[in-house]
Each structure stands twice: as C-alpha cells, then as structure tokens.
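Student: So the chains spell out like this:
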Amino acid sequence: MTTNTALLPLPTTAARATTTAGAALALIGTFLAWTYTDTFPGDLTVTGYPGGLQVLTLISAALTLLFVLSGYSIKGLRWLTPGGTNSPTRLLAIGTLLTTAYTVIAVILTKDDNENLLGVVELEPGAWVSLVGALVAAVAALGLPNDQPVDDTATGAFSRFLGSLRAPAPARAKALPAWAEILIIAVAFGVALEVFTYGIDTEYAELFIGYVIAVAFGFTALTRAGLIARVTALTSKHRNVTLCAALVAAFCFPFTQQNEEYALIGANILIFATVALGLNVVVGLAGLLDLGYVAFLGVGAYAAALVSGSPLSPVGVQFPFWAAVLTGAAVSLVFGVVIGAPTLRLRGDYLAIVTLGFGEIFRLTVNALNGVSGPDLTNGSQGIPSIPDLKLLGFDFGLSHDVGGFTLGRSANYYLLMLLFTAVVVLVFRRSGESRIGRAWVAIREDETAATAMGINAFRLKLLAFALGATLAGLAGTVQAHVSYTVTPEQYQFAGSVPPNSVFLLAAVVLGGMGTLSGPLVGAALLYLIPAKLQFMQDYQLFLFGIALILLMRFRPEGLVADRRKQLEFHETGQLDVPPDTPLTDTAAGTTKAGA
Amino acid sequence: MTTMTKTDAPTGTTVLDASGVTMRFGGLTAVRGVDLTVNAGEIVGLIGPNGAGKTTFFNCLTGLYVPTEGKVSYKGTVLPPKPHLVTQAGIARTFQNIRLFANMTVLENVLVGRHTRTKEGLWSALLRLPGYKKAENASRERCMELLEFIGLADKADHLARNLPYGDQRKLEIARALASDPGLLLLDEPTAGMNPQETRVTEELIFAIRDQGIAILVIEHDMRFIFNLCDRVAVLVQGEKLVEGTAPVVQGDERVVAAYLGTPFEGAPGAEEAAEVEAAEATAAGTAKADTTTPTTTEEEDTR
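Those protein sequences? They're chains U and L, same order as listed.
Letter by letter, the first sequence follows residues 12 to 607 of our numbering.
Letter by letter, the second sequence follows residues -6 to 296 of our numbering.
Each hint should be verified, as a subset may be incorrect.
[Stated by the list, open to error] As a list, the in silico BS3-like pairs of lysine-lysine whose alpha-carbon atoms are at most 30 Å apart:
| no. | chain 1 | residue 1 | chain 2 | residue 2 |
| --- | --- | --- | --- | --- |
| 1 | U | K248 | L | K127 |
| 2 | L | K112 | L | K68 |
| 3 | L | K64 | L | K75 |
| 4 | U | K402 | U | K248 |
| 5 | U | K248 | L | K112 |
| 6 | L | K112 | L | K75 |
| 7 | L | K112 | L | K126 |
| 8 | L | K126 | U | K248 |
| 9 | U | K185 | U | K122 |
No wet-lab data here; the hints were simulated from the structure.
All chains should be modelled from the sequences, with the hints used to inform the complete structure.
Tutor: Okay, here's the thing in structure tokens:
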C-alpha cells in the first residue's frame, strides 16, 4: 500500500501559492539591510545591495521560486523539472530556511569588540522578512504532494519526511542538436566552476558554512529534479567534449583570480585529485583495498627531491625535470612491484592490513635514514628542504609571469603544470579502464575465482594495477616536492588532518564514486576544501568532517558521482538498465538479487 | 536416445584424459583414483549423490585444485595446475552456483571470457597502438555472435545481475564459450530450472556439441542427463562406480543402491510389493504407477 498524500494536510493550490509567496518574500528580504553593525563580516548593512550570506539566501530563494513556478507548468520552466517537481521545491525551501536561520543565529552570536554578543537587537527588519518568508515557504512546501508514492508502512514522521523527498528518475530526454547539447554542457561546467570558485573564495567561516548548507540542499534538489541525471546523460554522450570542457574550465581557474593563495589551493587539490585517481585504479577498478597508498606519493616526492639539486639533498645531483619525473615514477613503480609481489597473494582484509603496514614502514624508514640510526639518505625527520623551483625551457616556475594581461604567480605556474599531469593520468585511467585489461580488473573485483576460470592471470593483473597506481602516485609526487618546497616524512601519514594521506585518499575515492573518472576528482576537491575551510573549528575539524562523511554515506552510498553500476547496486528503484518495453518482474529481480 | 546423431567433428580422438585423479583434504579423500576420458564430439555426464565429489573432481580438472595424485591431460598435453592456464589450453567451465560478474554488463561478461584469446596489453591500450581498435572490435563482434547464439543479444547492455535466473545460466555458458574451448565443463546447468527451461538448455547443449566442442556435464536431473549424454559416469563417495551408456547405468544395481540405499533385512520384498500394489489397484483404480519397488531415478526427478 502506498500513499501520495502530503506531509502536511494543506490544499495543493494553497500550499503552492504560499510557497511562492514565502520564497518571494525571502528574496525581497535579501535586498534590505539585515543588521545595524558591520561587526558581522560581509556587508549586510546596505539596503538594495545584498552581500555575503545574503547572496546565498538570495540564490536559494530564487531557485525555490523557479522550481515552485515550474510546478505551475509555466511554459519555458518545465525543462527545470524532468524528474520530481515538488521534492526539489521542498528541498530548496528548507535549504533557504536553514541558510537564513544560520545567518541570523550567526549574527546574534557574533561577539563585538567588547566580547559581548550582538544579540537580537542588532537585527534589522530585512533579516526578519527573509526569515519569515523562508519559514513560510518551507512549511508550505511540506504541504505539496509527494512526487512519488510513499509506503504508508513508513509511519514515523522522519521516514515520511524522507519519503516525501523522493522523486522519480527523469525520462529519457529528447535528442537536441549536437551544438545545443554541447552548449548545455559548457553552461553546466561554467556554473560548476563558478560555484566552486565561490567556495574557495569564501573569506570567513560563516560564509563557508552557509555556502555548504546552500550547496548541499541545492545539489540534492537538482538531483531530485532530474537535472543532474540529464546533464550526466549528456556528458556520457559527448565524453570527449566533456573532458575538454572540464580541462578548459580547470585551465581558466588561475586566470579568474589573482590570489596566490587560491592558486596554491588549486595546485594542491590537483595533486590530491591525481593521486586519488591513481588509487581509483587500485581500489575502484581492481578492488584491492590499499591503505598505505600515500607511501607511493612519498616515494615519488622523495625521489624527485633527492635529484632536484637541493643543497641539503644527500644525493648531490640535479636532474632536469623530465628526468626527475621519470625517476620518481620509476622508483615508485619498483616500490609498487616490490611491495605488491608478496602482498597481492592475500585477499580482502588481509591485503588492507598488510598495505597499511607497508605505508607506515615507508614513513618510519624515511625517518630512520638520517645518518644516526641508519645511513643518511633522507635527512630523517628534517626532510629535504629548499627544493629549488623548476626551470623548464627557460620558464622559471618560481617567478610571476604576465600572460595576456593576467599575472600568473608561482602557484599558478605549478597549478598549470599539475593540470597537465592530471590530464595525463585522466587519459591513462580512461584508456586502461576501458580496455581488455580494465575489464579483467573489474572481473577480478567482482569475482576473483570466476575471473581466473575465464583465463585471467589474477595475480599478474593485480600486480599490474598496483604498479600502475604506484607509478601515477609517483608522478604526482614529483610535482608535489617542488610545490611544497620541502618533503618530510610527516607529510605521508596514514591519517591526519591535512590531505593527502592514505585515509583521505581512500575517502576521496569512496566519496566521489569508486571506479568512475570524475568521482575521485570531485571527491578530492571537496575533501581538500572542506578541512581547509574548517580550520577555524580547530579541534573539532576532524569531528565535523567525520559527521559530514557519515551523512554523505548514509544518503548517497554510491558516492557523489555514481556510475550506472553503483547506482543500481545501492538503489533498487529506477532500473535505468531495463528498457521500458521489457520491465523486470518483481520476482525476477528478487531472485537475481538473492543469487548475485 | 536422441543423441546418437553424430556430427562431422572427429570422433574418437581423446580430448580429456584424467587418470587416477585423487584429491585429499587432510584426512578426507574427496576423490579417489578416478579415470575419465572425454572424446571429441561427445557429451559425457557425471552423476552421483550429493557429496560424491563431482564438483571437487571438476575443480581438479580445471586447475582450481591441484590433484594429490594422478594427472589430467588435454589433447595429449598434461594440464598445468593453474586455472587461467587450463582455460588458455582450451577447457572452459561454468559454476554450480552462478558466478557472473554481477556488476558488469552482459556484453562485458562475455568480453572477459575472450581474455585468453586476445593479447592487447596495457601499453597497447594506453597508446592506442595500431591493432588495438581492430582487436577490440573483433572481440566485440565475436561476443555479439555468441550472445546471438545464446539468445541474449538484445540484452547486451543489461547488467548481469538484472537478468532473470535462466538467462544468467545461459550467460555463464556464453562467457565460457567466448574462450573458444575444445571442452566445456558444465556444473549443474539446469539447477533450479523449470522443465521448459531445462528443455531449452538441452537444445543449447546439443547445439554447442554440434560446433565440435566436447562437453562434460554434472547434473542431478536424471531425465535430462540420460537424454543428453553419450556416456554417463557415476561417482559415489569419491570413486567411479560405473561408466557406460544410459541403459547400462540405469540398470546397474549399485547405482540404484547408491542413490536409494540397499534394502535392509526384512524390507518389503517383491511379493509384499505385489500385494500392496494389488490392494492399491483395487482401492483406487488410478494409482497404478506407484510401486514400492525402487525404480531408478524417480526420486531424483522430483527435485
């Protein structure tokens, strides 16, 4: 038995009208002043010009308005909601409410110069207007009917609420002309880049938290509306175009801002993402749980640092960069094979334990090779400092360069170099994953016994995956050594609050979506950004981060970017794979599920 | 017997020759000195009660286990004790409990089966060396042919896990065929199927045999196996009890005893049975077929 009734017993028309009015009110409120003082960061005092957190409420409310109007079947807005209509409205309204409420609370709890709380008196009417509007919209949105019938066995209020957020998958889109589809992809990437840079640009903690709230609800709403699925369908149709668009968007990043610090964040994200993608070969494709993967990044970085010509490098040679890159990759490859050959005979948990051990052995060994407790090879815990900047074909990466009116600083230079490496790794991942070798990896992941019975030399292929992953991490390591000036053993821990470390790498892969190309890239970007932006939380940083991970895995276990397989694995509904003319019967699906 | 129509495949040449295969797990001898040959163009059945060691014997043939004693040779060469090398040599198998790559598509599953017959390595894939595309296309074409043959071509893009049970069994056979085997080992291909599906599978196995592939099949469905096989070997408690054509095996008392047990002292004899039968016949003129004398395989058929 299923029911379609709304969470709150309101007439649909009334609920929709009230939501519209509430959202509009919240929107108008953002143009008024919210507070009297400028103690709270981000100019909320000006009437007619929203700033800081007001912008988030503004965008959130505007989106709510758009989606609720789409519910009226207004021509020209219907493309917004190929999937659910009311569920995204509900989500956006709640998101608006939370963002606004968070802002109001943050203002009230801000301390002025005399360590006194600002309190409620500091709020101007604009804040109340927006808050009341958002509240009205959110409550009324709960009165909109469900998009998808809910089991009426779900009696708890919370499970009924979750059920009301569900939405059907969108139907297959009509094919547009190719240029239009590519245009849509380009626009989507533009929006994504804009949202991303806004996140990096957030200058104070309150704004970042508001941003996270707004983006989390906004993204979920777009998913429920089916827009994400539509765009994903387009991107998988025009994959090369998508890759180029992503590359161009990433390439534009240092040109969109002149802030050296953000370019450094960008470069570090790319390093992290590249290593995560390398780990995805091992974990996502071949299904080998590697908990010591960061060691290979360390091997590459140390190899590059030793031959970089650093005055403190115990090996007093200076290789040209290309040779250093090859050295780093080759040494990582050798380490990968040496570590993999004995350990890959183990399966599952045992492999995880052994790789964890090897990861720690690397760090401890590097620590010990300091000339006191062992031969002097790595300067021990001192690490190898003052690694010189790269000079490629007369281009000094350490200096600022003017390119077409834009100034590219040191970090921007490295960012662009790292982007090249990322592109190479993306290519390697894609081509290997689609090939006969990639299929064999996935087969081993799915069922090793059956794979060997199909003539796959499981050990050799696992070793190949392990070695390839190690090589890719080593490649990234060679750049990392130069970006961070110094390599120390403490950079390559099993777990820590600063990525990349083994746990964060694995989290990036799982969170982003195992076995997908874009998943680890997105996951790495988020995992780098969130802790970096949460630094003001100090001791609670990892705690909050852990909560965020748990929430994500609870509500989206297949990862942010799910490939078709994972989508079907975790969600029984929406059998994307089954064409409408031959639907699976319930019993057949049940049997295969049980048999598989 | 419907199997007597021989094809043009060269018969008589020995494809598989297992001699004296013994498998011990610690103190337990699961398979004891089993000899078995399979000739080209032949369908050989392997039956036996549960726990008789059929699957263990299969695993010895395919390199999953290394036999404690004895040797297995394929077309005259002794098989290496590694599953992937056995497959490469030309023996493909299916599993008793379906072991598909559940999260891969139907076509991908079959493509994995092609693994040993293609050579494109990592470099070839990364650099897109000449020949890569060609080999990949050839593989896809061959696999689509196989799916066509097995009747799953229209479901090539489905995930294997979403297939109905019968189709999953078929896909497993297609995947095994993709490695161009000379001998196909089927481990209970009709387990859990209804009579119609069983008949379809039967047709399929004949069609495979007609392609010149020798087949060794484990099965519990006696009607199926006696219809299908040229020869049947019976394995009981790890030892081969009897081997021969269907009538020979069906008529063998030891086989009956192995499945149903020997009559105990004072068990109802023929006279009592006749009495009961007469009584029943008079009671209800219909229940004529039921006799207490154990016929060969009724018990198994009701599975």
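Student: Give a verdict on every hint.
Tutor: Going through the hints against the structure:
{"no.": "1", "hint": "U/K248 to L/K127", "result": "22 Å, holds"}
{"no.": "2", "hint": "L/K112 to L/K68", "result": "23 Å, holds"}
{"no.": "3", "hint": "L/K64 to L/K75", "result": "13 Å, holds"}
{"no.": "4", "hint": "U/K402 to U/K248", "result": "40 Å, violated"}
{"no.": "5", "hint": "U/K248 to L/K112", "result": "29 Å, holds"}
{"no.": "6", "hint": "L/K112 to L/K75", "result": "19 Å, holds"}
{"no.": "7", "hint": "L/K112 to L/K126", "result": "12 Å, holds"}
{"no.": "8", "hint": "L/K126 to U/K248", "result": "20 Å, holds"}
{"no.": "9", "hint": "U/K185 to U/K122", "result": "55 Å, violated"}
In terms of the numbered hints stated before, the structure departs from hints 4, 9, listed from lowest to highest.
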